[in-house]
Structures are given as C-alpha cells and as structure tokens.
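Add chain C to chain P, keeping to what the hints say.
Chains as they are written, first to last, in UniProt numbering: chain P, 1 to 208; chain C, 1 to 208.
There's no promise every hint is true.
To be verified - Restricting the straight-line Cα-Cα distance to at most 30 Å, the calculated cross-link-like pairs of lysine-lysine (DSS-like) are:
| no. | chain 1 | residue 1 | chain 2 | residue 2 |
| --- | --- | --- | --- | --- |
| 1 | P | K67 | C | K39 |
| 2 | C | K115 | P | K39 |
| 3 | C | K14 | P | K115 |
| 4 | P | K115 | P | K27 |
Keep in mind the hints are simulated off the structure, nothing from the lab. Quick caveat, the model's predicted, so the values are computed rather than measured.
Protein chains: 2
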Amino acid sequence: MAATQSNDPGDHAKVPRTARGRETLRKLLDAAALEFGEKGFHEASISGITRRAGTALGSFYTYFESKDAIFRALVKDMSAQVARQVGEAVAPETAAFDIERAALHSFLDFAREHKEIYRIIDEAEFVDPTSFRQHYETTAVRILDRLHKGEADGEFRDGMEEAHAWALMGMNVFLGLRFSVWSESCDAERIAGLANDMLRSGIGRSGD
Amino acid sequence: MAATQSNDPGDHAKVPRTARGRETLRKLLDAAALEFGEKGFHEASISGITRRAGTALGSFYTYFESKDAIFRALVKDMSAQVARQVGEAVAPETAAFDIERAALHSFLDFAREHKEIYRIIDEAEFVDPTSFRQHYETTAVRILDRLHKGEADGEFRDGMEEAHAWALMGMNVFLGLRFSVWSESCDAERIAGLANDMLRSGIGRSGD
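For reference, chain P alone in the conformation it holds in the complex (with noise of 0.2 Å):
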C-alpha cells in the first residue's frame, strides 16, 4: 500500500540505487507536483517537468517512461507523503482523539504547504481513475485501523467500521479543501479542534 511505501514511487519508476538518484527523483516529483498543480494534466510537459527540476531530459527516461507514469508515480507519492507527515505528527502512546486532531492539523498544515495535492488528486479521477480509487482506500483502510486501535483502547465506541472512516476521510478532506487550499484564513489548530469536537461528541446538545 502507498501509505507504507514513502519514498517509493511504486511500479511505475525505476527505483535508483544511488543517493544521487534518489535525489534526482525526488526533484523530478517535486517539479511534477508544480507542473501538473500549475497547468493541469494535459497542458503539463516533459521539459517543463525537467525545466523546473534542473534536469536533463535524459534523467527524466532513466526513471519514467511517460507523462502518464510519472502522474500516477506523482500521485502515489503524495498519498505517501500525507500518510508519512500525518505519521509523524503523532507520537507513539497518543490517545485515540488527540491522535485524529493531530492527524487533522498536520494535514491542513500540509495542505497550506502543498496546495496542489487537490489539483493532483482530483484530476487522477479522470486521468488514472485507479490511482485516484487507491489513494482514498488507501487513506481510508489506514483511518480504519485508527479506528479499530482507538476501540480496543476503550476510547471509541465499539462497531468502528468503514462507513465511519470513508465519514472522517471526507471530513478532513473537505476542511482541507475550504481552510487550507481555498483560504488560510482561520487557524487550523482551531479547525482541527473543532472537527476533533465534533467526532468526539456529535453536534447534539446533550450528547445523547
């Protein structure tokens, strides 16, 4: 699964052996999440990809064959990209919520610092629907698991299933969209606090 591959852009690069190479891809990723952010899948080139990468076509061939296979490398990593911030935000013994605010604000930090990942995520619907259906089963399965580990810590409520992660995934996801990429103008701590809130005790007035 993408969420445990981090650096790995999967099957659809040839993996470098060298520091140097790893380094190179790193920066054709990063300029490919520029170009595809800026102009969109179809207007997106090859040069332009290199250009603002600094480097040469060929290194470009040595590690992708296509526009189309860097895309789907692209968007693999950044579901592992997320998947690894959003890891790495939380410290190990965590409790179940303060672990889903933690997830939520690291993600909306994220998403300030890298707004193109909507772009990028949204146009795989139409240019690799499968990339596109495995980032969110992907995140979700990883959500799943929270879920699971937050029941049997007697934190959550017990019958966690599926539903409950696809519920928060598109919580986020739409928090996301509206306070990091549309507008930064409300704290995300704020916004990760409130939705925690929210899945912590619903929106009813007597918890009921």
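Chain C in isolation, oriented as in the chain P frame:
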C-alpha cells in the same frame, strides 16, 4: 443561489417561455448529464448531446451557445436537483437530526440514480472552477442554515459555524462516493443511520 433556482439553469441558458421549450431544455440537460458523465468534458460533443436528447441541433443553440455553456448550466442544474431532492425528502417540523438523516439518505439515493453527478461536479474543478466552487459554497450555506436552525431549536449545541457545515458536507460527499457511486453493497438507510449516530453523539465511548 443555485439552491433556490431548481429549474432555472441561470445565466448560462436562455429561459424557455413555453412548456414545450422547458421540456426540450430538460431533455438537453438530462442528455448532457449522460454525455459528460460517460465521456468526460473533452470527449463529449454537442451532437452527442442532441442525439441522446432526440432534438435537432438548432434546438441546442436556442438555449446554449456552446459546450461550455451547457456544462456550466448542467453543474448548476445538478446542484439544484440535489438541493430539491433533499428538500423534498424532509417534512416540515421534522427534528433537526432527523432532517440530517433524511438529507443524507436522499442524497445517497440520488447519487445511486445519478452516478454521473460525481464525475461532472469533479470535472468542473478543471473545466469551470467557478461552478465547482459555487456548488460547494452554496451547499455549505444550505447546510449551515440547517445547523443554525437546529441550534435555535435546541437540538444542536451552540456555536455551529461554517467549519461544521463543511465537515458534514464532506462526510456526506465521501459516503456517497463510496456507498453510492463505487458500490451499492450497503443499504443506504443503514449508512445514513450510522452517519447520523456519528453526528449526534460522535464516536467516543462515553460521549464525553
């Protein structure tokens, strides 16, 4: 706002003055939903739309000046259809949480009947960003109105704000993607009930 203009495709189409004209316009929009949903914006064609609608090419140009224009009108129309469908599912005097459950159930049903809605709204992010943004902003305003009403009725707790509306919208949109568009394996009523419990009292064990 699109939410209040159910049958009016807005400033993107000429408004028909006769019942027959309204019927033709409806046929064109329904055909456009199928054509754009199946082929995507770029591959879709005006002749494909009129063929599906069983109307003459001239009728198309009576109402729309281009493929872009009918796409914009369609996004607005689908946004309004969702609003109308959800509105009709709710009897006056329904309690606030029951309104939310009925709204989600009705949306899940709508998305099962009109799976193309996701592809069309999502493609608007690239083809017509203004319509895309307007769809979600309008929907969030409508949800926030309901949240404020539930707050005034004493059913929701105080302090409902825009972020709550976006979180709820995200839950609903993602549940629709997973349980209406990708697979109908789960009962829509059950999913709506599960999400409603989550909204009502969160996922905390003690509800604190």
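Problem set entry | Violated constraints from the hint list, given by number and in increasing order | 3
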